[in-house]
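Going down the list, the protein sequences come from chains A and B. Going by this note's numbering, 133 is the number at position 132 of the first sequence; the sequence numbering is gapless. Going by this note's numbering, 368 is the number at position 147 of the second sequence; the sequence numbering is gapless.
I should point out that these hints are in silico values taken from the structure, not numbers from a laboratory. The model shown is predicted, which means the values in this text are computed figures rather than measured ones. Treat the hints with caution; some may be incorrect.
[Unchecked claim] Within a straight-line C-alpha distance of at most 20 Å, the following computed SDA-like cross-link-like pairs (lysine to any residue) qualify:
1) A:Lys203 / A:Arg191
2) B:Lys430 / B:Gly346
3) B:Lys430 / B:Ser457
4) B:Lys430 / B:Asn454
5) B:Lys381 / B:Leu402
6) B:Lys381 / A:Leu97
7) B:Lys381 / A:Gly266
8) B:Lys317 / B:Val403
9) B:Lys381 / A:Tyr269
10) A:Lys78 / A:Val270
11) A:Lys78 / B:Ile374
12) B:Lys453 / B:Val426
13) A:Lys78 / B:Ala378
14) B:Lys453 / B:Tyr344
15) B:Lys430 / B:His450
16) B:Lys430 / B:Gln379
17) A:Lys78 / A:Leu97
18) A:Lys78 / A:Gly93
19) B:Lys381 / A:Lys203
20) B:Lys430 / B:Leu442
21) A:Lys78 / B:Gln379
22) B:Lys381 / A:Val270
23) B:Lys381 / A:Thr267
24) B:Lys317 / B:Leu519
25) B:Lys453 / B:Ile333
26) B:Lys317 / B:Glu307
27) B:Lys381 / A:Arg265
28) A:Lys78 / A:Phe280
29) B:Lys317 / B:Leu395
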Amino acid sequence: MALAEPMTAHSAIAAWAAVDAPATPESYLQAARRRFMSSRVGLAALAVLLFLVALSVCAPLLTSYDPAVGQPVDRLKAIGTPGHLLGTDEQGRDMLTRILYGGRMSLIAGLAPVFVATVIGTALGSLSGFIGRWVAAVIMRTMDMFYAFPAVLLAIAISASLGPGLFNQIIALSIIYIAPIARVAEAATRRIVVAEFIEAAKLTGAPTTRIIVTQVLANIFSPIFVYASGLVGLAIVTAASLSFLGLGVRPPTPEWGFMLNSLRGTIYVNPWVAALPGFFIFITSISFNMLADSVRDALDVKE
Amino acid sequence: MVTLILRRIAMAVPTLLGVTVVIWLLLSILPGDPLAFLLPQDASPADRARLATELGLDQPLPIRYVDWLFDMMRGDFGYSPFRRREVADLIAAAWKNTALLAGFSAAFGLTIGISLGTLAGVYRGSAIDRFVTGLAIVGLSVPSFWVAILLLIVFSAQFKVLPAGGMATLDGGLSSFLGHLVMPVISGSMVSIAITARVTRASIVETFKAEFVDTLRAKGLRERQVLLHVAKNAISPVLTTTGLQVGFLLGGSVLIETIFSWPGLGQLVFNAIAARDLRIVQATTVVIAATFVILNLLVDLLQMTFDPRQKRAA
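Please put together the full structure from these sequences, using the hints given.
If you want it as structure tokens, here you go:
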């Protein structure tokens, strides 16, 4: 409604009618989508992320260089060198190529653990919240143990004992994110477990697991989704940290965190190329964090 | 009050035990032959069996755990064949250096974070508020090791004003001591600044909504005096996060200390990982986790004295 127009009785009624007109009220998810679509920051972050994903998926189409093999004569070229837009690394490999391919590993290493931890954490948390009693005591007190560690350190310790590699890195990161997600799921489940529709479902004699799957999960989805999406940005950085320490993918496979470490020795000769992989970690992480903030606002979840 | 404090202290004991169980299980159950590093390739099965008996590896798991725990409580963390030193000695030397770095980082992070958060909370909706909120998102997203490398590029490689790594003692003069601290502290405390600023801002904004603020204003207090009361009431949630932040600092120390060659626990862990000396990784993780649990305990106790409401909650 245009505010400049003088408010006549007629336009007031029209405005009132326009607000209340839809015969079927907007559903929760429709409202969430409308709120998200009106968030410029969220849409921009989503666009950046889709662009990064597209770049890393289409890497072989965008560059003809081999990410693992370089030309020793072309070592340490600066940004903007013809033929090497983003320069070359200490082994003469094209940086643009390695950034594009490296994005695959960095994205997988950040997203996969959050997904795995969300599935396991939700199962553990909703079970504890729903059954309560000793089941909750055993599960949640075990989860508490994980809060006694600085998370990154625990991930490093687990990763170190499993040995380097993408798969082991994903396991290590999944373990550290299960506990916080289980807590969120448990709290959300306990809030709704007293609701009448749960009581009704119990009275039908349905088994516990079916009630959890059909009734509980739909109702605790929002807070868990919001929390998990907030973890992705952190997980991207933590995964890169592990790779930086040599606990991620094995060379010569490119990965942003590891690239940042192996270029550390070149900061005196080719400084800005050495800083490039970190820039991409940062852009990915901040985009996920901004996207998560918009999703939280859109789903209207209070932390 | 005394009973409450004692009860809170007693609650930390099972947590500490849990920490040791988790670490011990992780490193005992996971694949890897602990004897492979200690014996030559062509060792006979009889030699293997004798060493296994000597190290207690033929005992059932629970007994090995209890042995390990009691050894550790006596300060015996085992011997590192790679460093040719007692692990306990290595850890004791490194612990002080990490405590120094973490202490400076925590102090820096809290000071900057609380100042920024208070500014944003008092002038909410203003340009300062938007700046601080944006800065907090950046601080939470930026990899500390990238900040470290950017600082190195600018201050060590380009302008050559700060040392690229290492630690200096106070004997070498104050400026050298602080010069070695600047970059590790700044890069290590980014997350800390971001979290503190966020929590402080939220807490200040929330406290300003309380009824007592209207009462103070109605009484005729000047805005600056009102702010003092608000700040006093808003500090509790900020304190709660300090324990968490020390966790970030200790975990991040592995990266920061590696980059700046800071001779602390983090570097010890990194070098041990590279040498696959899991005994050091295990012991250091337990020591850092124990430090973390005890610090959180201290923060809780501090809060109980600051905020009388916490006493009832405990």
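Would you mind confirming whether the straight-line C-alpha gap from A:Lys78 to A:Phe280 stays at or under 20 Å? Since the Cα atoms of A:Lys78 and A:Phe280 sit roughly 18 Å apart, the hinted pair holds (cutoff 20 Å).
Against the 20 Å threshold, does the CA-CA distance of B:Lys430 and B:Leu442 hold or violate the hint? Satisfied, since the Cα-Cα distance of roughly 16 Å is no more than 20 Å.
20 Å Cα cutoff - pair B:Lys381, A:Tyr269: Roughly 10 Å between the alpha carbons, so the hint for B:Lys381 and A:Tyr269 holds.
Given hint A:Arg191 paired with A:Lys203 - CA-CA distance at most 20 Å: At roughly 15 Å apart (the allowed maximum being 20 Å), A:Arg191 and A:Lys203 satisfy the hint.
With the threshold set at 20 Å, check whether the alpha-carbon distance from B:Lys430 to B:His450 stays at or below it. At roughly 13 Å apart (the allowed maximum being 20 Å), B:His450 and B:Lys430 satisfy the hint.
Tell me if the straight-line CA distance from B:Lys381 to A:Thr267 falls inside 20 Å. holds, 15 Å
Given hint B:Leu395 paired with B:Lys317 - CA-CA distance at most 20 Å: Holds. B:Lys317 to B:Leu395 sits at ~18 Å (cutoff 20 Å).
Is B:Lys381 within 20 Å of A:Gly266, Cα to Cα? holds, 16 Å
For the pair we were handed, B:Lys381 and A:Arg265, check the Cα-Cα distance against 20 Å. Within the cut-off at roughly 16 Å; holds.
Please verify whether B:Lys317 and B:Glu307 have alpha carbons no more than 20 Å apart. Status holds; Cα separation ~17 Å.
For the pair supplied as a hint, A:Lys78 and A:Gly93, confirm whether the alpha-carbon distance does not exceed 20 Å. With a Cα-Cα distance of about 8 Å, the restraint between A:Lys78 and A:Gly93 holds, given a limit of 20 Å.
Restraint status (C-alpha distance of A:Lys78 to A:Leu97 at most 20 Å): Since the Cα atoms of A:Lys78 and A:Leu97 sit roughly 12 Å apart, the hinted pair holds (cutoff 20 Å).
Violated hints, listed in ascending order, are 6, 16 and 19; each of the other numbered hints is respected by the structure.
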